[in-house]
Amino acid sequence: MPVSTALSRRHLLQTTAGAAGLAAVGLSAREAQAAKDLVVGFIYVGPKDDYGYNQAHAEAAAMLKKVPGVKIVEEEKVPETDDVSKTMESMIKLDGASLLFPTSFGYFDPYMLKMAAKYKSVEFRHCGGLWQADKHPMNTGSYFGYIGMCQYLNGIAAAHATKTKKIGFIAAKPIPQVLINVNSFALGARSVDPTITTSVIFTGEWSMPVKEAEATNSLIGQGIDVVTCHVDGPKVIMETAERRGIYTCGYHADQSKLAPKGYLTGAEWNWITVYKQFIADAQAGKPIPNFTRGGLAEGFVKMSAFGPALPEAGRKNVSAIKAEIMKGGFSVFKGPLKDNKGNVVVAAGKFLPETAIELESCNYLVEGVVGSIG
Amino acid sequence: MNTLIAATDRWYPLRRSAEAVLAPLVALTGAAVLFSIFLLFLDASPLDFLDLVWRGAFGSSFSLQNTVQRAAPLLLTALCVAIPGQLGLVIIGGEAAVVLGGLAATVAALPLINTSPIVVWAAMAVAGSAMGAFWIGISGWLKAKLNVNETIASLVLAYVGLALFNHFVEGLLRDPASLNKPSTYGIGDANMLDTVPWLDVHPGLPVGIVACVVCWVLIYRTSVGFACRVTGGNIRAAQLQGLPVTKLILLACAIGGGCAGLAGAIQVAAEYGRANASLNAGFGYTGILIAFLARFNPLAIIPMAILLGGLGAAGGLLQRRMGLPDATIQVLQGLIFVSILASDTLYGRFRWFQPGSAS
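For the protein sequence lines, the chains are A and B, in the order given.
The opening position of the first sequence corresponds to residue 1 in our numbering, with each subsequent residue numbered one higher.
The opening position of the second sequence corresponds to residue 1001 in our numbering, with each subsequent residue numbered one higher.
Incorrect hints may appear among the rest.
Calculated cross-link-like contacts (lysine-lysine; reagent style DSSO-like; alpha-carbon spacing at most 27 Å) [to be verified]:
no.	chain 1	residue 1	chain 2	residue 2
1	A	K211	A	K257
2	B	K1181	A	K114
3	A	K235	A	K166
4	A	K135	B	K1145
5	B	K1247	A	K341
6	A	K302	B	K1181
7	B	K1181	A	K118
8	A	K211	B	K1181
9	A	K48	B	K1181
Honestly, the hints are just simulated from the structure, not real lab data.
Hey, can you work out the whole structure from these sequences and the hints?
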């Protein structure tokens, strides 16, 4: 009995030592791996395959996986609560991430700022336009794209396809970013035919497929025959519209697969431009920009390929205006511009480029939009 | 005869407890086996999965913190289901009690932000609980007075509550500076609840545990709790006994709703600092799952909330290391839920657990 105890004790010691040795080998191997690769973390608020906001980021992340010396870690469906702090911390501590992209608007304050203060050697870049040099730490930053021009082009395409002269927009919340898109879409359509009206429905939530489907059906009931949207996942809207036989303009990502017959074109993010640049900077040891913004001309956003339903005249018109936008200096919001209650919102002779600070507090719907804010 | 045997069968209470612990364990094991088969179909290794769940949820102090932080609000939202559940009511609208509780707490705090944090917290706790109690109380009142089905009523009222919440946060109570994420004004950094000293965990955790213990005492050690359980057993019998069934329904709904409202208030005071859409993160809905897993026993809510909090904490690691989608964890949660519900049929099936079987 004592012999066997001694034996088992020795055996135990050996095993423990062996395990410790193994663990040490494993650890150093992982450290070596970490030293070699730049670990980049992507955090999404919804599913990666939502055909929308999150997919636009995830598609860019998927392209980055091919970049040598870069390891991508991703997490989807992370709510805008302290859960995201824990996700960031977990990526830093357990995966060795040194560059993080929390992609949802609500991740910035307080979650990302809190983590940035705790982990000063980690770089945080947030999708949104919130970073301010005098307020926020230098290891944080913002990048964002101006996508309003793409919605303007969507509007032009819609104007060439509509027969009822009624087009529709399904929006999540009446916040500035969304209102700019609604207004741009309506202005694009009215640039072709000023009698066109744009009906807007706000669902109240970023992702609520049931309401989005109801809104689509209700708009079709009102006689609209082209629909676009600004919700996180346009999937249900595109599918419903296709099934009901009306035209669609995409948003966030390419949705032509969901509506092969009715898809005219779409406003898409092109995040790979930003991510490639940031990662190249990080790998070269250069500082990553703290504040980056760009539109169509800078390659931050792009248009989907034309669908078969868009008439030739529409293709030509969209391409011509797009070429003009690419030259720079184009304004969608130009005076005199009235809101849909008759108040002048942009005075005559005034031009607001997409970078205009006034647009960031946009709180109106332009003339020709049927609907109201809250 | 049976009671005589039961009286002389000293080990029966122990065996009864063993049954209550073993049945869910068998169910969890069953769910794990089913889930392993599911993983094998996905070409993923169940052993890797277990290892990652362990590391992501419990394996280090960071993981443990992550787990209990997720569990903290769930303790209170589970009580919102479990307490009315004692009376046989199935209340599933806790989500609205959380968001409206959080909103009421913020509104109560705003005029007081320049007094002391203690005053602010007290006001928030009272306002949040009162609002939650009122909201779930409506479903209770509809049930007690008009015999409206409380499950449907609370679900529909949850949508009404969320709409009201959005209406106020995006309208009347909105801080104009919160452009793209509409929020109320903040309660200020000085009034934020800190993490628990030494342990560095979410302040909702001790509150939730105390609430669970208090509710357990209330249900199993007081005459009110006994009256609730009798009502839950047979409402007609309870009425014939002269129990104040209407009052009991209102009381249980108010206590449950108060807990959920308090959860909202704590989330605002500890995490968000203001009321906004982050309150609507599904705490109320996960609470339903936990209450059912705990079979409405307030003490059993604690381990079940930690189990689900742990799965949530490990979910991220599973996505990153195994490339599994987030929905994988939902599949596991679903399997656990179904197994636990199915295991209810095991109670009383085995003679050994019954009174007098040993003699």
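Checked hints:
no.	hint	in the structure
1	A:K211 with A:K257	holds, 22 Å
2	B:K1181 with A:K114	holds, 18 Å
3	A:K235 with A:K166	holds, 22 Å
4	A:K135 with B:K1145	violated, 55 Å
5	B:K1247 with A:K341	violated, 52 Å
6	A:K302 with B:K1181	holds, 25 Å
7	B:K1181 with A:K118	holds, 24 Å
8	A:K211 with B:K1181	holds, 20 Å
9	A:K48 with B:K1181	holds, 22 Å
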